[in-house]
Amino acid sequence: MHRTSTTNKNNKISRKRAAVAAGLAGAAVFGLLTTAQAASGETVHPDKTVRPAASPYVINHYGEENADTGRAERRPHVLVLSEFTSIHQVNWTQWSAKGAVGTGEVTGNWCLDTCLDKPLKATISLSDPKTVHGKKVYSAFTLKLAGGATKYDAEDLQGKRPLATR
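The opening position of the sequence shown corresponds to residue -15 in the working numbering, with each subsequent residue numbered one higher.
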């Protein structure tokens, strides 16, 4: 009888370990799925269905300087804003159907002497989504430099500016 008692205890411990392992495996799978969805740029809400079509793209010409059209991307790390200005190391804090907001480092032709070696900290806002060739894309941006734009006389730093949409 002593042997049966030990076997029952071992079985209970094994079942508990199996249940804990199954729970951890399920949590890991859920974490991978939500990480993959977040990496794709879609907002993940536990109680709502993810709708990729509702989240606009931005047309990015980074790496395609000689191309007529850019790539449709979500949450790019580097974004060409115009022929004069780019933003790098962008950390997007919002990406929704109405607009996107992020912070990064701005460089441009208007500050070659200064900002190539020491990029300017800025907040970027993308807005005014419209449908182009069947895809919803942001069509405008606004930049706000951390120290203010008074030091630089550049069009891209003055109010809302158009973004490439093809």
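Read the hints as simulated data drawn from the structure, not as lab findings. Glycine included, each C-beta is placed from N, C-alpha and C at the ideal position. Check the hints yourself; a few may be wrong.
Dumping the calculated DSS-like pairs for lysine-lysine here, alpha-carbon to alpha-carbon at most 27 Å [claimed, not checked]:
{"hint": "1", "residue 1": "LYS128", "residue 2": "LYS82"}
{"hint": "2", "residue 1": "LYS135", "residue 2": "LYS102"}
{"hint": "3", "residue 1": "LYS82", "residue 2": "LYS114"}
{"hint": "4", "residue 1": "LYS82", "residue 2": "LYS135"}
{"hint": "5", "residue 1": "LYS82", "residue 2": "LYS119"}
{"hint": "6", "residue 1": "LYS119", "residue 2": "LYS144"}
{"hint": "7", "residue 1": "LYS144", "residue 2": "LYS114"}
{"hint": "8", "residue 1": "LYS144", "residue 2": "LYS102"}
{"hint": "9", "residue 1": "LYS102", "residue 2": "LYS114"}
{"hint": "10", "residue 1": "LYS128", "residue 2": "LYS105"}
{"hint": "11", "residue 1": "LYS82", "residue 2": "LYS102"}
{"hint": "12", "residue 1": "LYS120", "residue 2": "LYS144"}
{"hint": "13", "residue 1": "LYS82", "residue 2": "LYS120"}
{"hint": "14", "residue 1": "LYS114", "residue 2": "LYS135"}
{"hint": "15", "residue 1": "LYS102", "residue 2": "LYS119"}
{"hint": "16", "residue 1": "LYS144", "residue 2": "LYS105"}
{"hint": "17", "residue 1": "LYS120", "residue 2": "LYS135"}
Computed spacing ranges between beta-carbons, pair by pair [said to hold, decoys possible]:
{"hint": "18", "residue 1": "LYS119", "residue 2": "GLY143", "range": "20 to 28 Å"}
{"hint": "19", "residue 1": "LEU96", "residue 2": "ALA38", "range": "14 to 22 Å"}
{"hint": "20", "residue 1": "HIS72", "residue 2": "ASP112", "range": "32 to 40 Å"}
{"hint": "21", "residue 1": "ARG55", "residue 2": "GLY143", "range": "24 to 32 Å"}
{"hint": "22", "residue 1": "THR53", "residue 2": "LYS102", "range": "19 to 27 Å"}
{"hint": "23", "residue 1": "GLY131", "residue 2": "ARG55", "range": "15 to 23 Å"}
Evaluated hints:
no.	hint	in the structure
1	LYS128 <-> LYS82	holds, 19 Å
2	LYS135 <-> LYS102	holds, 15 Å
3	LYS82 <-> LYS114	holds, 10 Å
4	LYS82 <-> LYS135	violated, 31 Å
5	LYS82 <-> LYS119	holds, 14 Å
6	LYS119 <-> LYS144	holds, 22 Å
7	LYS144 <-> LYS114	holds, 16 Å
8	LYS144 <-> LYS102	holds, 24 Å
9	LYS102 <-> LYS114	violated, 34 Å
10	LYS128 <-> LYS105	holds, 9 Å
11	LYS82 <-> LYS102	violated, 32 Å
12	LYS120 <-> LYS144	holds, 19 Å
13	LYS82 <-> LYS120	holds, 11 Å
14	LYS114 <-> LYS135	violated, 33 Å
15	LYS102 <-> LYS119	violated, 36 Å
16	LYS144 <-> LYS105	holds, 18 Å
17	LYS120 <-> LYS135	violated, 35 Å
18	LYS119 <-> GLY143: 20 to 28 Å	holds, 26 Å
19	LEU96 <-> ALA38: 14 to 22 Å	violated, 39 Å
20	HIS72 <-> ASP112: 32 to 40 Å	violated, 23 Å
21	ARG55 <-> GLY143: 24 to 32 Å	holds, 26 Å
22	THR53 <-> LYS102: 19 to 27 Å	violated, 32 Å
23	GLY131 <-> ARG55: 15 to 23 Å	violated, 32 Å
When each numbered hint is compared with the structure, violations occur for hints 4, 9, 11, 14, 15, 17, 19, 20, 22, 23.
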